[in-house]
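Since chain A is already given, all that's left is putting chain B on it; use the hints.
For reference, the chains in residue letters:
Protein chains: 2
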Amino acid sequence: MTDDALVIFTPSGKRGRFPLGTPVLQAARQLGVDLDSVCGGRGICSKCQITPGYGEFPKHGLTVAADALSEWNAVEDRYKRIRGLIDGRRLGCQAKVMGDVVIDVPPESQVHKQVIRKSATDRVIEMDPATRAVYVEVAEPDMHEPSGDFERLAQALKDQWQIEDVEADLTLLRRLQPVLRKGEWKVTVVLNKCNHDARHRLLDIFPGFDERPLLGLAIDLGSTTIAAHLCDLRDGRVLASSGLMNPQIRFGEDLMSRVSYAMMNPGGDVEMTRAVREAMNTLAKALATEAQVPPEQIYETVFVCNPVMHHLLLGIDPVELGQAPFALATSSSLSFPARDLDLTAINPAARTYVLPCIAGHVGADCAAVALSEEPNKSKDMVLVVDVGTNAEILLGNETRVLACSSPTGPAFEGAQISSGQRAAPGAIERVEIDPVTKEPRFRVIGSDLWSDDPGFAEATKATGVTGICGSGIIEVVAEMRAAGILDAGGLIGGPDQVGTARCLPEGRTFSYLLHDASAEGGPRILVTQGDIRAIQLAKSALYAGARLLMDEMGVDTVDRVTLAGAFGAHISPKHAMILGMIPDVPLEKVVSAGNAAGTGARIALCNVAARNQIEEVVRHIHKVETAIEPRFQEHFVNASAIPNAVEPFPNLATVVTLPDVSFNTGGGGDGGRRRRRG
Amino acid sequence: MTDDALVIFTPSGKRGRFPLGTPVLQAARQLGVDLDSVCGGRGICSKCQITPGYGEFPKHGLTVAADALSEWNAVEDRYKRIRGLIDGRRLGCQAKVMGDVVIDVPPESQVHKQVIRKSATDRVIEMDPATRAVYVEVAEPDMHEPSGDFERLAQALKDQWQIEDVEADLTLLRRLQPVLRKGEWKVTVVLNKCNHDARHRLLDIFPGFDERPLLGLAIDLGSTTIAAHLCDLRDGRVLASSGLMNPQIRFGEDLMSRVSYAMMNPGGDVEMTRAVREAMNTLAKALATEAQVPPEQIYETVFVCNPVMHHLLLGIDPVELGQAPFALATSSSLSFPARDLDLTAINPAARTYVLPCIAGHVGADCAAVALSEEPNKSKDMVLVVDVGTNAEILLGNETRVLACSSPTGPAFEGAQISSGQRAAPGAIERVEIDPVTKEPRFRVIGSDLWSDDPGFAEATKATGVTGICGSGIIEVVAEMRAAGILDAGGLIGGPDQVGTARCLPEGRTFSYLLHDASAEGGPRILVTQGDIRAIQLAKSALYAGARLLMDEMGVDTVDRVTLAGAFGAHISPKHAMILGMIPDVPLEKVVSAGNAAGTGARIALCNVAARNQIEEVVRHIHKVETAIEPRFQEHFVNASAIPNAVEPFPNLATVVTLPDVSFNTGGGGDGGRRRRRG
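Protein chains in written order, with our numbering: chain A, 555 to 1232; chain B, 555 to 1232.
Next comes chain A alone, as it looks inside the complex (with noise of 0.2 Å):
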């Protein structure tokens, strides 16, 4: 028998020799196995779990007897009699090494642990937040060694945690004193860690043992939709999620509306900047309640958004936006006291992190983008597209990444188009038209039926059919296109030129009648030329940002195409690029993201060691100006072709075949583009 004794941890694979009577979690700590503790191995907390393994370990050549542990102690019985342990666990302070043994560390007591994402790409978080917890039993102060109760604290904090520069704000130093003497000087602390040094902010301190959840917000600021997730900071759990119209819309439907509103009106931006500060603590609010949680607990904040959104919310005046040479204020990223937001609904001691922006018109969005879809980490030549009132749009790979913004205009959320609306029950999302009888069949939003299944009135009789979403916007188009319908140029044919009574008159145009209700009194659902007009342009735009960058990188074609944004989430790949939204690639490389921005946000909540990263990577994107870019023209003139007027699209020919129908000889059918242009 020696005095010392094997240690394998699992599934780190970790291994060491160890005197006797070593407790587990400070052999794990001297390996540097990621095992959790937050009362720095007291028993209080029971992070530590361990599962030891027993019997024959073929593979490490090893056979753990019975008693490789110290015997189960009373500390271990009092916790799992009082909250609970899975069969088979041990409190890795508690138990000590008598012999080989093999000990698996649980994925729930890993400090690093790794959540999935919900989404179609499965990313993982690793988490390691900015804020955390910890249990600390500080020295009694003594008259002979007159240090503050602050200063022991600190050394506390170093001695038994290995945490230095620990900073307080009076708020905190008001209330140490009661709370130390309360916990009779064992007290948990929350603490927040700069990503820029090595400082801890001290933002709050419980008497005693305190388990209460730290939480954190996440926020997507959009210019149309707010998107928030509330996070458990200890798991990365999202406990609730919410979204809110941003009340600015009522200022200026786009960005450069609110700019324009802030310029016109004295004191507009301060509106602005309030009305979006009150919607987030509307916002914190609603989802503290919803996740039946105190909003107290929120100790962090990180946000997201379009460089106009970032200056209404940091409260500098977005006007030098408007205008060349669109400078910002500041475009590094931002830690500061989400107080100084106006943020009362959280805990005062809150903090806030802002992610930097890339350029005056490349947000923080488009960083949270980056950070969620790593471009930078991609071997293929990536392009990631953000849709919305704005798109972001991204390219690149390990070696180089650009990025540009392109003004796509509303379109794609529904607005502007005639039927169009946002995204809710009762808007058609689906639609496919037959190309011989050019009969339409669709689906809303709120029902699995097709418009032409039995059951479907019945299925939609709560809201009916109400309009067309931004998503439906893109099928009817496409397969209007596909059906022979509309033309290349964009032109929708009059009924003897296609061969359909849905094709009415509308002045010198033509419009498709895609639903009818009118005579149950419900509406009319036409798509006119000027809705073809509007999709025209937006995607034109879209295109003609991602095919600059293209250009830029010396590239023709892509590997792959990410749509992100809540909106590109529900695109069909294959209907985007009969619109030639997005350049041509196999249809089975399109994939969503969903709101990449939002889960960039999740992870800078959830990983400090993230926010230098995206720091890194924005310092290191290429930014791309569309605005004073001439092949931006020439690649929009050229994109208003549906799907293009010189790009070849070989893949999208091999899953469809676009008929060659021309109906711009027919005279007068094109007034309605040289209305337009005009």
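Hints are computed from structural coordinates only; laboratory data are not their basis.
Hints are supplied without guarantee of correctness; some may be wrong.
Intra- or inter-copy, both count: the list cannot distinguish identical chains.
Calculated lysine to aspartate or glutamate pairs in the EDC-like style (CA-CA distance at most 20 Å, straight line) [what the hints assert, rightly or not]: (1) Lys747 to Asp719; (2) Lys839 to Glu680; (3) Lys1015 to Asp764; (4) Lys712 to Glu1074; (5) Lys747 to Asp723; (6) Lys1177 to Glu699; (7) Lys1177 to Asp696; (8) Lys1177 to Glu705; (9) Lys1177 to Glu694; (10) Lys1015 to Glu610; (11) Lys747 to Glu721; (12) Lys931 to Asp896; (13) Lys601 to Asp557; (14) Lys1143 to Glu1170; (15) Lys1177 to Glu1060.
All values derive from a computational prediction rather than experimental measurement.
Using the frame of chain A, we list chain B on its own:
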């Protein structure tokens, strides 16, 4: 003729050879000569004025030709015409080296100007303020290099001033863009350097070159009096000084009664905090008005104060300081936004620095005294006594420094004395008693005449003789002892024992009639047995504290004594030693340092390196706790005799022989003592 030349700077003596055409400012910078510049050498600020010397310099073996510098140029001409320039002066950024030359840097052109402190000890303060202004030219925004305006400003500060790690809060970021554009990308920024790391905070920004003075407040926040200096942060000049009664006096005269108030009245600490912060705003406004400067130009405040005032200023309940072990909430120095103290009268971006506390009873005021008097740099053993309601005592030399505080009570400030009053016109401040006739003569504040001088009544008519202030109390008691009116035990003799009708019976004790104006309706000013007892308690506490430090240091004598505090400046060393307030030293070794705590605050305001210095010194000051030290009681009892029951006062004996009288055998005469001690 060579293509370089020798440049010698005076008074530094630094020298080097430089290519012909090198601007003098550039040569100075390369040699590390302390030559100021705010505009970075652009001929705007005129801070770099120099005086070239021409002709023979035998000391340097050099003859300077008349054309050793480039010709007077248009920039200098314009500057001289508009702003004025002393004859013989040149602008260092304009004048170029054209031959061997000797260049004098006048004191006002040095960055690290030295300011002579106007006090007995004439210490100098080297200027190196935390807050300063620099002029900087910022690159304009460029669509192809999309960094934010703030990032380009930070880059300019790095390139033009070698200032890195610049931070700005949202308030500043909000103002940044319009100011940069108004100044056409030339701005003056106010920066505050943290003494703990390399960070610079951007406090303010002005378009173009802005010369407005930056101001700072050095505040000695005492229990009774708040003393403040308004200083110009460019050259350290005191623009205005003011004192104000601490409005907290209405909550309790001394510190412990204020702690009691906080303990007995819920929210009492908040009331006191509010009162003192309001007073700070009043004081700031009054000083700015006096100096005829806008209070918004105050960018920094430095506070020194005792621990209770420290906590009440910071908004921390001082309850723990009222009971053993006298734990401070925090003992370190603090640096935070002045707005956290509700200092709304000054610049909203202003910073506050609070010196570190030494212990629960020995505060930042004592640290400031240490910074001003530097016992840690003394070769001989120095005792520094800051006399106030509490006495702070430092003893040491360059090897070791000890500190304690001793509760002297307010007797030295005229409180608890029957005819006592604060130092104000009409108060008796100097006393002599004829040892033969026992007749007194005295002087009052506001007149240079003695009471037996002709014209005294006329000279003091406006105020009359109103009472006795602290220094007068010390003198009259010491003079009574020297004249044999008082015995060593502190008893006043009766008229028969002393031989003067001025000793009046008061119950079973006697009082000495110092002045009687009752015939004219004025006061009778008596020194009662109770007054003597109050002074005995106070001086015993002071002496016992000093003696305890001497014990701890292992010395029986000190080499010199420094009396600090506003009151200390007025104490007569001889009388203090007759009383036995301070240990026996040669009289010429007792000096007054005036308000040393206030001077320490000024030093920390004007020199950021001094902050590190005092923080380091405080870490090495050993604190001795009087409250728990049995020898303190012993020293206290011995010191209640005048001058002392056991300690010899050999130096005092060379100056004055104290009569060997004793009145405590007369029966009943000691009743006063027995009653007080009972």
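Cross-check of the supplied hints:
| no. | hint | verdict |
| --- | --- | --- |
| 1 | Lys747 to Asp719 | both (10 Å within a copy, 18 Å between copies) |
| 2 | Lys839 to Glu680 | neither (27 Å within a copy, 54 Å between copies) |
| 3 | Lys1015 to Asp764 | neither (52 Å within a copy, 71 Å between copies) |
| 4 | Lys712 to Glu1074 | neither (74 Å within a copy, 72 Å between copies) |
| 5 | Lys747 to Asp723 | both (15 Å within a copy, 18 Å between copies) |
| 6 | Lys1177 to Glu699 | between (58 Å within a copy, 8 Å between copies) |
| 7 | Lys1177 to Asp696 | between (59 Å within a copy, 12 Å between copies) |
| 8 | Lys1177 to Glu705 | between (47 Å within a copy, 16 Å between copies) |
| 9 | Lys1177 to Glu694 | between (56 Å within a copy, 17 Å between copies) |
| 10 | Lys1015 to Glu610 | neither (65 Å within a copy, 107 Å between copies) |
| 11 | Lys747 to Glu721 | both (10 Å within a copy, 17 Å between copies) |
| 12 | Lys931 to Asp896 | neither (37 Å within a copy, 49 Å between copies) |
| 13 | Lys601 to Asp557 | neither (29 Å within a copy, 74 Å between copies) |
| 14 | Lys1143 to Glu1170 | neither (28 Å within a copy, 64 Å between copies) |
| 15 | Lys1177 to Glu1060 | neither (43 Å within a copy, 94 Å between copies) |
When the structure is compared with the earlier hints, violations turn up for hints 2, 3, 4, 10, 12, 13, 14 and 15 and for no others.
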